[in-house]
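Undergrad: Chain residues, written in single-letter form:
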Amino acid sequence: MAELSATAPDSARVRLARLSLDAALAVEGVLSGDVGSRGMHVTAGGTSVVRGVRVAAEPGGRYSVDLGLRARMVALPALADAVRERIARSAGLSGAGDQLGAIDVTFHDVEDAGAGFPASVGSGR
Amino acid sequence: MSTVESSSTESEKPSGGQSLQRTPGGGEKAGPLHSAKGATKIADVVVTKVAGIAAREVAGVHALGGGASRALSSVTHRVGLGDERSQGVSVEVGEREAAVDLTIVIEYGESIPTVTQAIRDNVIRRVEGICGLSITEVNIAVNDLYFPGDDVPDPEQPARVA
Chain A
1 MAELSATAPD SARVRLARLS LDAALAVEGV LSGDVGSRGM HVTAGGTSVV
51 RGVRVAAEPG GRYSVDLGLR ARMVALPALA DAVRERIARS AGLSGAGDQL
101 GAIDVTFHDV EDAGAGFPAS VGSGR
Chain B
1001 MSTVESSSTE SEKPSGGQSL QRTPGGGEKA GPLHSAKGAT KIADVVVTKV
1051 AGIAAREVAG VHALGGGASR ALSSVTHRVG LGDERSQGVS VEVGEREAAV
1101 DLTIVIEYGE SIPTVTQAIR DNVIRRVEGI CGLSITEVNI AVNDLYFPGD
1151 DVPDPEQPAR VA
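Sequence order for the protein chains is A and B. Its first residue numbered 1, the first sequence is counted upward by one per residue in this note's numbering. Its first residue numbered 1001, the second sequence is counted upward by one per residue in this note's numbering.
Rather than coming from a laboratory, the hints here were simulated on the basis of the structure. Heads up, a few of these hints could be off.
As the list claims (entries may be wrong) - In the EDC-like style, the derived pairs of lysine to aspartate or glutamate whose C-alpha atoms are separated by at most 16 Å in a straight line are:
#, chain 1, residue 1, chain 2, residue 2
1, B, Lys-1041, A, Asp-34
2, B, Lys-1037, A, Glu-58
3, B, Lys-1041, B, Glu-1107
4, B, Lys-1041, B, Glu-1092
5, B, Lys-1041, A, Asp-109
6, B, Lys-1037, A, Asp-81
7, B, Lys-1041, A, Asp-104
8, B, Lys-1037, A, Asp-34
9, B, Lys-1041, A, Glu-58
Stated by the list, open to error - Partner residues aside, some chain A positions facing chain B, computed with beta carbon under 10 Å:
#, residue
10, Asp-10
11, Val-14
12, Ala-56
13, Ala-57
14, Pro-59
15, Gly-61
16, Val-65
17, Asp-66
18, Ala-75
19, Ala-88
20, Asp-98
21, Val-110
Note that CB positions come from ideal geometry on N, CA and C, so glycine has one too.
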């Protein structure tokens, strides 16, 4: 009689959530994942819970990725673009590139480490 | 004592930052927060912190917040709960634009119009630079003036009668 596995393998959605969060955290300027005040940025499946990202199925077999992040006080639109690029690259390398839909990024909080703004921020006007 | 200075910028007017641009047909061009690859959203607390720090950077600003909020903040700060960076700042954040209301205390002797204009310029520059949101309004209420001796406790007064 075959032994039952105690834990089911993660679904593609949970794997994509984990991959997306890991890729985002590897980007310079991103401090941590954040579920947000309403706790919306969570992906749960089976026994796995990934906090800081919500991945949901879209039509056409793709998944939308919605990240909730805390970041350093840097130019946030550029940081979001870097996160998207990193996730797309990681997904491509792991063979999940064709599952990836839109990547939304929500910045729930920023930290300035008490030093104010970096000199490069907001000086281009 | 309180005076309110208000400023609105036309959202259609080009600015140094990334403003919401309307096409003649009424459509909207995507700003830096929206792309084909996904949207970027900025929480209210982020804009609040950025605006508060930007206002404090301006010379002549002594503190942010009204008397009650500063008193409460000093208590919460002592017990490690308060974040004085968000004191005196309230914001309304949309998908592409934000409006900022500030309550400030200015140092006595500074020109209020000069300081408030510098605050407005710095808040717009920082919020647009960091958050990519176009600022539609920076309303500033000057709640009090600060004198250098204000926070020094009065020495005990000698009795006026024997």
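Undergrad: Now, for every hint given, state plainly whether the structure supports it.
TA: The hints, checked one at a time:
1. Straight-line distance between C-alpha atoms of B/Lys-1041 and A/Asp-34 comes to about 13 Å, which keeps the hinted pair within the 16 Å bound.
2. Straight-line distance between C-alpha atoms of B/Lys-1037 and A/Glu-58 comes to about 14 Å, which keeps the hinted pair within the 16 Å bound.
3. Of the supplied pair hints, the one linking B/Lys-1041 and B/Glu-1107 is violated, its CA atoms being roughly 36 Å apart against a limit of 16 Å.
4. Restraint check: the Cα-Cα separation between B/Lys-1041 and B/Glu-1092 comes to about 13 Å, which is no more than 16 Å; the hinted pair holds.
5. Taking the CA atoms of B/Lys-1041 and A/Asp-109, the gap is about 11 Å. The hint holds against a cut of 16 Å.
6. Among the hinted pairs, B/Lys-1037 with A/Asp-81 is consistent with the structure: their alpha-carbon atoms are about 9 Å apart, no more than 16 Å.
7. Among the hinted pairs, B/Lys-1041 with A/Asp-104 is consistent with the structure: their alpha-carbon atoms are about 8 Å apart, no more than 16 Å.
8. Restraint check for B/Lys-1037 and A/Asp-34: not satisfied, since their Cα atoms lie roughly 21 Å apart, outside the 16 Å limit.
9. Between B/Lys-1041 and A/Glu-58, the direct Cα distance comes to roughly 20 Å. Violation of the 16 Å bound is thereby established for this hinted pair.
10. Among the interface hints, the one on A/Asp-10 is violated; its C-beta lies about 23 Å from the nearest C-beta in chain B, farther than the 10 Å criterion.
11. Because the beta carbon of A/Val-14 sits about 20 Å from the nearest beta carbon in chain B, more than 10 Å, this interface hint is broken.
12. Interface restraint check for A/Ala-56: the shortest CB-CB distance to chain B comes to about 13 Å, outside 10 Å, so the restraint is violated.
13. Residue-level restraint check for A/Ala-57 is violated (minimum Cβ-Cβ distance to chain B is 16 Å; threshold 10 Å).
14. Interface hint status for A/Pro-59: violated, as the beta-carbon distance to the closest one in chain B is roughly 16 Å, over 10 Å.
15. The criterion of a C-beta within 10 Å of any C-beta in chain B is not met by A/Gly-61, whose closest approach is roughly 18 Å, and the hint is violated.
16. The interface hint given for A/Val-65 is met, as the beta carbon of that residue sits about 8 Å from the closest beta carbon of chain B, less than 10 Å.
17. Hint status for A/Asp-66 relative to chain B: holds, with the closest Cβ pair at about 8 Å, below 10 Å.
18. With a cut of 10 Å, the hint placing A/Ala-75 at the interface with chain B holds, because the nearest CB-to-CB distance is about 6 Å.
19. Interface restraint check for A/Ala-88: the shortest CB-CB distance to chain B comes to about 8 Å, inside 10 Å, so the restraint holds.
20. Nearest Cβ of chain B to the Cβ of A/Asp-98: about 15 Å, over the 10 Å cut. The hint is violated.
21. The interface hint given for A/Val-110 is met, as the beta carbon of that residue sits about 5 Å from the closest beta carbon of chain B, less than 10 Å.
In terms of the numbered hints stated before, the structure departs from hints 3, 8, 9, 10, 11, 12, 13, 14, 15 and 20, listed from lowest to highest.
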